[in-house]
Structure formats: structure tokens, C-alpha cells
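Participant: The chain contents come next:
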Amino acid sequence: MKHLLQYILLLCLGLSACSEVQAQKSISFQHFVGNQPLVLEDSIKNGNAEILVVRRFKYYVSNLVLIDAQGNRQSLPDTYYLINEAEPNSKKIILPNSNKNYSAIEFVLGVDSARNCSGIQTGVLDPMQGMFWTWNTGYVFAKLEGSSPSSSLPAHAFTYHIGGFRTGENVLKTIRLEIPGSSLPNDLQVKVDINAWFSGNSSLLIAERPVCHSPGNLAMKIAANYAQMFSIIQP
Amino acid sequence: MKKTVILGLAAMVLLVIISWMNAPKKPHPIAFSIPKGWPKPAYDFKSNPLTEEGFALGKKLFYDVRLSKDNSISCGTCHQQFAAFTTFDHPLSHGINNQQTTRNAPALQNLAWQSNFMADGGITHLDLQPLAPITAENEMAESLENIIAKIKADKAYQTMFLAAYGDATINTQRVGKALSQFMLLMISSNSKYDKVMRGADSFNLPEKLGYGIFQQKCASCHPAPLFTDNQYRNAGLPLDDVLKDLGRMRITNQPADSLKFRVPSLRNIALTAPYGHDGRFFALSNVFEHYRKQMVLGPTTDPQFSNRLPLSNFEIGQLKAFLNTLTDSVFIRDPRFSEPGAAAGPVNHGH
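First to last, the sequence lines map onto chains R and V.
Under our numbering, think of the first position of the first sequence as 493, with each following residue one higher.
Under our numbering, think of the first position of the second sequence as 7, with each following residue one higher.
Careful, some of the hints might be misleading.
Claimed, not checked - Derived lysine-lysine pairs resembling DSBU-like cross-links, with alpha carbons at most 35 Å apart: (1) R/583 with V/75; (2) R/583 with V/156; (3) R/517 with R/592; (4) V/156 with V/31; (5) V/158 with R/583; (6) R/713 with R/683; (7) V/46 with V/31; (8) R/635 with V/223; (9) V/42 with V/52; (10) V/66 with V/161; (11) V/250 with V/52; (12) R/584 with V/156; (13) V/198 with V/66; (14) V/250 with R/713; (15) V/250 with V/326; (16) V/42 with R/665; (17) V/161 with V/198; (18) V/66 with V/42; (19) V/52 with V/223; (20) R/584 with R/665; (21) R/665 with V/250; (22) V/223 with V/46; (23) V/42 with R/635; (24) V/52 with R/635; (25) R/635 with V/75; (26) V/158 with V/32; (27) R/683 with R/517; (28) V/201 with V/66; (29) R/635 with V/158; (30) V/42 with V/250; (31) R/584 with V/158; (32) V/158 with V/66.
None of these hints come from the bench; they were simulated from the model.
Computed from a predicted structure; not experimentally measured.
One chain only, chain V, in its complex shape (with noise of 0.2 Å):
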């Protein structure tokens, strides 16, 4: 009876060691710091908890060409990090086939503060953001079954999801948190701005004048520290007769809505030309220009352009000095977030 239980002890013994060799190593968390001041993010962690295995999976999902049909186009293509994550120098991006978006890329940053996705805000979760232009037929145009069976059959990929989620399991989910994860630790808070704020630089003088005005003229819908309220607006911008694009009515139906699009963030403008929800200004100059003399108004412009927005000559060349304080050369240079191998800088691609 005695070596019966002994011989049993031994055997639990032995069987827990044996699991406990077997158990996939832990991932190891990441811990998300909120820049000072900034508000408490949309983004809810604990239903995905930061791991440097799931940062890895989602940076090798975020530049893998097989996402996209023909296997030609990866998320960074069109979200080019020396452009802080937009297309550089393109008012429409690249789909696959010759084909054209229809509307500018945003920028990538700080969207652990944002809850609603896309120029209409039509996508309510980050992790749903990515399916729009993996399965749009005019962006990436892959189907999310033959995605699944792509990374499914990659060695390196079912190491990497075992790594970060403990078991081998391969599915939708965990494709958008693992992308949700490496998305979420781009964080742009390094400008000269953010360094003036903390008390570590100081602006000159066409600066600091060009932040009075800002204060006084553009941060009631740009707001600091995001410079987003995010909230859909009406600017002023004609129907574009191609695209025919109605902005946020497109998603609400309410006729209210028509022409409002998502209030952008202004952080890294220098670097995110050009302009407007469909690229349609070329540079800072023209999207002035509309502000003070080309604004179309109509009934659901917002109601502090009753006026448009008067800006003199002077005025725009110290707001110009201003928005440059916003450009953050830490973030986009930050090797965490460069495409494997790839060179800093504007690269040819394709054209």
C-alpha cells in the first residue's frame, strides 16, 4: 500500500516536471506608458495584453506582402514609417492591379487613443481596422481564409504564434491583436513640441508666435496633446465628382452627416502631405488657402467656419513654424518600428 502511494507521488511528480518542460515559455509583457498628460487610452489592454512575442508577430504581419492577394503589397507599403506611417508624396495610394485608393492614408500614431477607424469612422475597434483594406478589392484584395492558410503553412509563423499566445492556435483574432499590438506602441510624443512642453526646449520666436495663433484658431477641433478631438467635421471640401465620397453619411445614413470626415491629428503634418481626406491639397499652402479664401459652405459645414477662417500672409508663416514643432524625428526613426532590412528614407516603389 506504502510504495503504491510513494510510487504514485513519484509519478505526479515526474509528470509535472515532464508538462513543465513542455509549457511554451511565458511571453513577456510589455508594459504601456501614457505620456504625461495625455488622457487614459480607448484602447482596452486587457483584452490584449502587450508581449514582445505579440509585438514581433504583428511588426512581421505589418510588413508581410503575403497579406495581400497577388502577394505584392504589406500594411507598411502604403504606411511608410519616414512618412510617419502614410503613403510619401501620394494623394491616393496603391492597390493591388494598377489600381488606386480612394482615399488618403493616415497617418499610423497614437491609436491607442482612438476608438473609431477609417476617414468615416465606420470601423469601431482597432482590431478590426486592418481586414477593411486586406479584403477592399481595390487595396490588398486578399480574403481572410487564403490569409489564415498563408500563415498557417509558415514555419516561422507558428512558432511566432505560439511564442505569443501559448498555443499554436491560428485564427482571425489573433492576427488583428498581434497587428493591434505592434500598432499601439506607435507612439508619437517626442516632437519639439512635447520637449517644450515637458521644459526641456524652448520655442523661437516665429514658433511661439504661430502657437498663439493655433491656440486662438485651429485647437477648438485640434486639440493638444493628440491634436485631434476626433470627431467628424465638415471643412468646407466639395463633393470630388469622381470620388463621389460622402464622408461619415456613408456609415450613419443621416443626411446630417454628408461631407464630415474625421478631424485629423496635426502631429507630424510636415512629413503627411498631401492633404485631405482624398490627398486633394498638394501642401500646407493649399490647405490654408482653402481655410481663408476656397472653403465651399454649406449646410453641414461646421458652423465656426460661418466666416471660413481669415489668416493673413503673416499668420500662415508663423502657424507654418508652429506645425513644424510637431514633427517627431525620434518616432520616425525608431528601429522598433522599421521595416526589417528596409533603408531609411523615401525608397522607389515601383514608380
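Pulled out of the complex, with its shape left as it was, chain R reads as follows (with noise of 0.2 Å):
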């Protein structure tokens, strides 16, 4: 009996210590303007020579998916995280562990429909985090606010609310970064820049839209920009 004791004792260290051995592995996701990072309430100035302060950033990641140079594609399971720049824990996703390379990295900006049609979620969907619209059901996939002399809102506010689940203004984006070298390291650098928002695929001027609150139209062109604000920073 004691010595049956003895002997899972030590296979429990053993597997405790095997586990160390594998690297825990991540992605941490970096906020820029630009060139320079991202700090909430500082005056900058983005692409289109507008100043403007931002106040939140905030944005749903899902769906994500390990690919290997075989194009294998390893799904995580059913996560859904809510990156927040005022919160810096936010911005790091933990990978579940494993020994196997890894050439690319998939994962959908927003929630998929499913998850906005089913009632009320819990955690970081859980509409108390604010990126919910309840009068028009749907989640806000990304937000950024702010300040800008550029706008003629009261206190000269910007608010972008960017979300649409249904046909006709889905905004749901599917991103795709390659791992340089093919070859993931511990902790993969994910470069998220504010001024695709601004001039991506078309120019969004502060001074002439400062606000986006619903589906349609002007929430698809941002997010046709901020769908480019990814990038992988070069170890």
C-alpha cells in the first residue's frame, strides 16, 4: 500500500515536470498608431493628419486556429476573448500546449452568429462587458473612442461601435497571419495598428463621420479598414 502511494506520488512529479519541459506558448497582441504604441488618453496623430486621443480600445477575438506548414489545421476549443488595451491581461491569449510548429495563425474578429442569436452569454460576452448593442441584438465586435479636435460631437468625441451578424452587413473578418519562418515563438508579437481604422481600403475622416453605432454601410467599410490592422512584429 505504501509503496503504491509512493509510486503515484512520483508519477504525478514526474508528469508535473514533463509538462514544464514544453514551453507554454502565446500571443500577445501590441497596440500602435503608427510606428509608436498605443496610450490611452495621449494626444496623436493618425494617417490622415488628424489628432486625436483615444479613450478605448476594445475588440473580440474567436475561432482561433493553429495551422502547420502540412496546412493541419488545429482548432482551439470554443474561446472567445475580449482584448481590452485598458487591460494589459487582456491582450495576451494562452495556447494550449504542444510541441508541434506552427506556420500561421487564423482567427475571426467579432462573434460569430450563433453566439449572438442564442440569449445571453456569460464572461467576456456577457453584455455587461459593453460591447452589446440591446436594443438592435448583436454583439459590438470592435470599439474605439475617443477625442479628436477634428469632430464636431460634443467635447469633440468620436465613438466607432463596429458590429452586423445578418446578411446583407455581416462584418465578421477572418484573419490570417504566416508566422515568419514558420516557426512559432513562445510568445508570437502581434502588431495592431489604430490607423488601419482610418485609411485602409478607403478613407475614414473624423471630421466628416465621427460616429458609427449601428450595423450597415458605414460599420462595413471600417471594418473592410481595421480587417488590415493586423501584423506580426519580426523577432
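Could you fit the two chains together into a complex? Lean on the hints.
Facilitator: Pasting the structure below:
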């Protein structure tokens, strides 16, 4: 009996030691405006030469997939992440332990329609997170708020709440990023450039459109822009 | 060796007994019975099984004024049982700080058969529906964070969440599910009309004539047994120049949906005046005048109204007699849905 217990204890220790050998890998999102790291409440200039101060920057990342050199796809379990500039811990996604190597990552920017249509969700999808329209069911997939002297709104505010999952106004974006050298580093650094919101496919001037608060054409235009905001920082 | 095994077994049995004693009592299920001849409900009961404890929690939440910012308004403030859960005699209801809502409070009944909510259908799930009035600045104006904090601080709620869900977690999802449990059981199926259909009563002559006219002129959009087809239609109500409410178009952004609103159920219609999405019709007579004379025909007006809805005075009289048979006096007095401690009948609520 005693021996058996000791054996189990040793086995447990052995197993935990083994798992420590495997590196805990992660993805970190680093927010920028051009080449300047984003600092909330700091005055910055975007690619359209408009001065702005960012107060809130949040977006949902979901359906994460790791892809190896042979094109095999490993989907991560049904997990949703709310990346929030104001919460440093939210900007790092811990990956499940694996010794495999990967050459690309893929994820959805937003919340798929199933989760939009099945009642109230919990955790980061709790409507309490302030990323949900209560009057027109649906998640705000990405939120960028602040102020700018260019804005004609009270307090020179600008607020971009981008979402929409229904046909004709769908702004779910699948983002694929190739990992340089097909070698997943321990902490993959993803650059997220806010400039893309204003100058991607079409230019968005705060002076002209300081607000987007519902799904539709403007949201689709902005989402097409911000789908270009991700790139991998070379280690 | 043998002793160790026996001791181990005894310890295990003891552990099982202790955990069984500490485990919360299982909530008591409530069967949802579908009135005879009615369609299958739209609500997914598997995701939110009805229980006595969940219903009781939902009822407490429904009548709790702490769901509003200044603790003055509950769901039941604007959804009064004696008025089939509309606001009695109000075109628009009152929000906090002497504000007004922008639409007439709809009757709460037979919600299990509805899959989109609000006059514009913008909300796609019953569990989500209460979040709109709770957070709207001109209604209850409270944040979900504050509501959860108020509920968590209340010992009675802690016990009720534990009883309803088996653990003490309190979150937005559970608040929504409990409110749904309470509202899902608000079934109105005991009007005189229902009794006639069940063969337990009979129409008098005006009611019978009215029923015939109804089937010919109204039932295409208000079909039994729910007395709504759950569609969005423009019934020729011109744009209100203050509210500027475009209805369904606000949700779909499609000009083809301009001025379309949910077809309301006509059940309990005698109790739910004023009428129209913004309560612009003071009485049923005004509704009939609208349909036969005042309807404004525009590009999105329902094609069935190309000639408006011709109705003689005689027909209107018989229709009114029939519509009165849709009043469910069992439903509006059912103590299961009554505000605890409230008097039955109209009450003064602040003016």
C-alpha cells in the first residue's frame, strides 16, 4: 500500500515535471498608431493627419486556429477573447501546450452569429462588458472611442462601435497571419495598428464621420479597413 | 491491509453522505403545457428548463424597482397585469426623471410563441429583451453592472439564485433566464373566444357576426390562435413628426421596411388601449376610423390595404363585440403573475 502511494506520488511529480519542459506559448497583441505604441489618453496623429486621443480600444477575437506547414488546422476550443487596451492581461492569449510547430494563425475578429442569436452569454460575452447592443440584438465586435479636435460632436468625441452579423451587414472578419520562418515563438507578437481604421481600403475622416453606432454600410466600410490592422512583429 | 480498506470505504461513504446533505435541493420542474390546437412554441426550453424556483426568482426580479437607476421603476410598473401587462391608459410609458418612452408598452402574453421582440423586432431572444428597457436612458436607465451588484448584495436573492440554479453564481444570463421563466408562463388562452372554440361556451349574435367579419377582414394579419402573424407591416400610420420612428427599417436599414411595425396580437385588446406602436389611437373607434378612412397609403403600405379597409358602422359594432370575447379575465387575475401585495385594479402611479 505504502509503496503504491509513493509510486503514484512519483508519477504525478514526473508528469508535472514533463509538462514544464513544454514551453507555454502565447500570442500578445500590441497596439500601435503607426509606429508609436498606443497610450490611452495621449494625443496622437493618425495617417490622415487628424489629431486624436484614444480612450477605449476593445475587440473580440474568437475561433482561433493554429496551422502547421502541411496545412493541418488545429482549432482551439470554443473560446472568446475580449482584447482591451485598458486591461493588459486581456492582451495575451495563452495557447494550449503543444510541441508542434505552426506556420500560420487564423482567428475571427468578432462574434459568430450563433452566439449573437442564442440569448444571453457569460464571461467576456456577458452583455455587461458593454460590447452588446440591447435594442438591436448583436455584439459590438470592435470599439474605438476617444476625442479629436476634428470632431463636431459635443466634447469633440468620436465613437466607433462596429458590429453586424446579419446577411447584408456582416462584418465578421477572418484574419490569417503567416508566422515568419514557420516557427512559432514562445510569445508571438501581433502588431495592431489603429491607423488602419482610418486609412485602409477607404479613408475615414473623423471630421466627416465621427460616429458609427449600428450595423450597416459605414460599419462595413470601417470593418474592411480595420481587418488590415494586424501584422506579426519579427522577433 | 483489510482494516485500511474498510476505513477507506467508511470514509468514502461518509463523504458521500456529507456532500449529499450539503448539496442544494434540486429545483422543482414546471411542465409547460401548450393549449390545445396551438403551434409549437418558438422558445428553446431545453436551454432554460422551467422550475418553480426559477419562476419565483423571475417574479421577484420582474417586480423589483432596483432594476432601475433610481430604484423607482420595475418591469411591472409599465407592464400592469390588469391591463394585460401594458401601461393602463398611457400612449407612452414613463421612464426615470419624468421622461417618456417612445413606443406604447406591448401586452406581455404568449411570449413563448414569439421569436423577435419590440415593435421593430430588433431583439432576437426573449432572454435578451429585458436588457433593452433596463439600460435605455429614457426608461430604467440602469447599467447591467449596477444591477448585478445590487442583486449580489441582497441575501434573499443569493438564496433564490442558489435554489433556482444549484449554485450561487449571479450573472446577466441568469437574470435574463429567470425573467424569461416568469414571462413564458404568462399564457392567455382562457378568453370567452377560447371557451367557445373548446365548445364550453357560445357566442351571442353580435359576437358571432363579428367573428365572421373578423375572419373575412382581419384574420389574414391577425390569425388565431395568437391573433398575430408575427410579421412587420405598414398599416398606413403616417410618420410622427416628433418621434420620427421608422419601425423595422431602424433594424434592417432597408427602405422597404420603412414604417413597418410588428403586427400586435389582438388578445385582451379591450384592456390594452391606447393603440398603435406609439399609442396614437385613444380608443378602438379611432383604430377603425383609421382603417376605413385615415390610412395614409405610401410605398411600403401593405398591399392588402390598397383600398384601405372598408368597414360599415354596423360591421364595426359587430367586430367590437367579437374583440371583447378575446378578454381573458382568468389571465389578468392569475395570482401567479400578480405583484406581491398589490391591490387588484388600476392603481395610482405617481400622477
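Participant: All hints, please: hold or fail.
Facilitator: Comparing the hints with the structure gives:
1. For the suggested pair residue 583 of chain R and residue 75 of chain V, the alpha carbons sit about 32 Å apart, so the restraint of at most 35 Å is met.
2. Only pairs whose Cα atoms come within 35 Å are accepted, and residue 583 of chain R paired with residue 156 of chain V is accepted, the gap being roughly 30 Å.
3. Of the pairs offered as hints, the one joining residue 517 of chain R and residue 592 of chain R holds, with about 11 Å between alpha carbons and a cut-off of 35 Å not exceeded.
4. Taking the CA atoms of residue 156 of chain V and residue 31 of chain V, the gap is near 25 Å; set against the 35 Å cutoff, the hint holds.
5. The suggested pairing of residue 158 of chain V with residue 583 of chain R holds, with an alpha-carbon distance near 29 Å, which does not exceed 35 Å.
6. For the proposed pair residue 713 of chain R and residue 683 of chain R, the alpha carbon gap of about 21 Å is at most 35 Å, so the pair holds.
7. Taking the CA atoms of residue 46 of chain V and residue 31 of chain V, the gap is near 31 Å; set against the 35 Å cutoff, the hint holds.
8. Restraint check for residue 635 of chain R and residue 223 of chain V: not satisfied, since their Cα atoms lie roughly 49 Å apart, outside the 35 Å limit.
9. A C-alpha spacing of about 21 Å is found between residue 42 of chain V and residue 52 of chain V, which places the hinted pair at or below 35 Å, so the restraint holds.
10. Taken as a hint, the residue 66 of chain V and residue 161 of chain V pair is honoured in the structure, with Cα atoms around 13 Å apart against an allowance of 35 Å.
11. For the hint pairing residue 250 of chain V with residue 52 of chain V, the CA-to-CA distance comes to about 40 Å; that exceeds 35 Å, so the pair is violated.
12. A distance of roughly 32 Å separates the Cα atoms of residue 584 of chain R and residue 156 of chain V; the hinted pair therefore holds under the 35 Å criterion.
13. Between residue 198 of chain V and residue 66 of chain V the CA atoms are separated by roughly 31 Å; this keeps the pair inside 35 Å, and the hint holds.
14. Taking the CA atoms of residue 250 of chain V and residue 713 of chain R, the gap is about 27 Å. The hint holds against a cut of 35 Å.
15. Our distance criterion of 35 Å between C-alpha atoms is met by residue 250 of chain V and residue 326 of chain V, whose separation comes to about 31 Å.
16. Between residue 42 of chain V and residue 665 of chain R the CA atoms are separated by roughly 46 Å; this puts the pair beyond 35 Å, and the hint is violated.
17. A distance of roughly 43 Å separates the Cα atoms of residue 161 of chain V and residue 198 of chain V; the hinted pair therefore is violated under the 35 Å criterion.
18. For the hint linking residue 66 of chain V to residue 42 of chain V, the alpha-carbon distance of about 30 Å falls within 35 Å, and the restraint holds.
19. The suggested pairing of residue 52 of chain V with residue 223 of chain V is violated, with an alpha-carbon distance near 38 Å, which exceeds 35 Å.
20. Only pairs whose Cα atoms come within 35 Å are accepted, and residue 584 of chain R paired with residue 665 of chain R is accepted, the gap being roughly 20 Å.
21. At most 35 Å may separate the alpha-carbon atoms for a hinted pair to count; residue 665 of chain R and residue 250 of chain V meet this at roughly 34 Å.
22. Between residue 223 of chain V and residue 46 of chain V the CA atoms are separated by roughly 26 Å; this keeps the pair inside 35 Å, and the hint holds.
23. For the hint linking residue 42 of chain V to residue 635 of chain R, the alpha-carbon distance of about 48 Å lies beyond 35 Å, and the restraint is violated.
24. Annotation: proposed proximity of residue 52 of chain V to residue 635 of chain R holds, straight-line Cα distance about 34 Å (limit 35 Å).
25. Restraint check for residue 635 of chain R and residue 75 of chain V: the C-alpha separation of about 25 Å stays at or below 35 Å, so the hint holds.
26. With a CA separation close to 21 Å, the supplied pair residue 158 of chain V and residue 32 of chain V stays within the 35 Å bound.
27. Between residue 683 of chain R and residue 517 of chain R the alpha-carbon distance is near 17 Å, which keeps this suggested pair within the 35 Å criterion.
28. For the hint linking residue 201 of chain V to residue 66 of chain V, the alpha-carbon distance of about 32 Å falls within 35 Å, and the restraint holds.
29. Only pairs whose Cα atoms come within 35 Å are accepted, and residue 635 of chain R paired with residue 158 of chain V is accepted, the gap being roughly 29 Å.
30. Among the hinted pairs, residue 42 of chain V with residue 250 of chain V is inconsistent with the structure: their alpha-carbon atoms are about 41 Å apart, more than 35 Å.
31. Proposed proximity of residue 584 of chain R and residue 158 of chain V is supported: the alpha carbons are some 30 Å apart, at most 35 Å.
32. Taking the CA atoms of residue 158 of chain V and residue 66 of chain V, the gap is about 14 Å. The hint holds against a cut of 35 Å.
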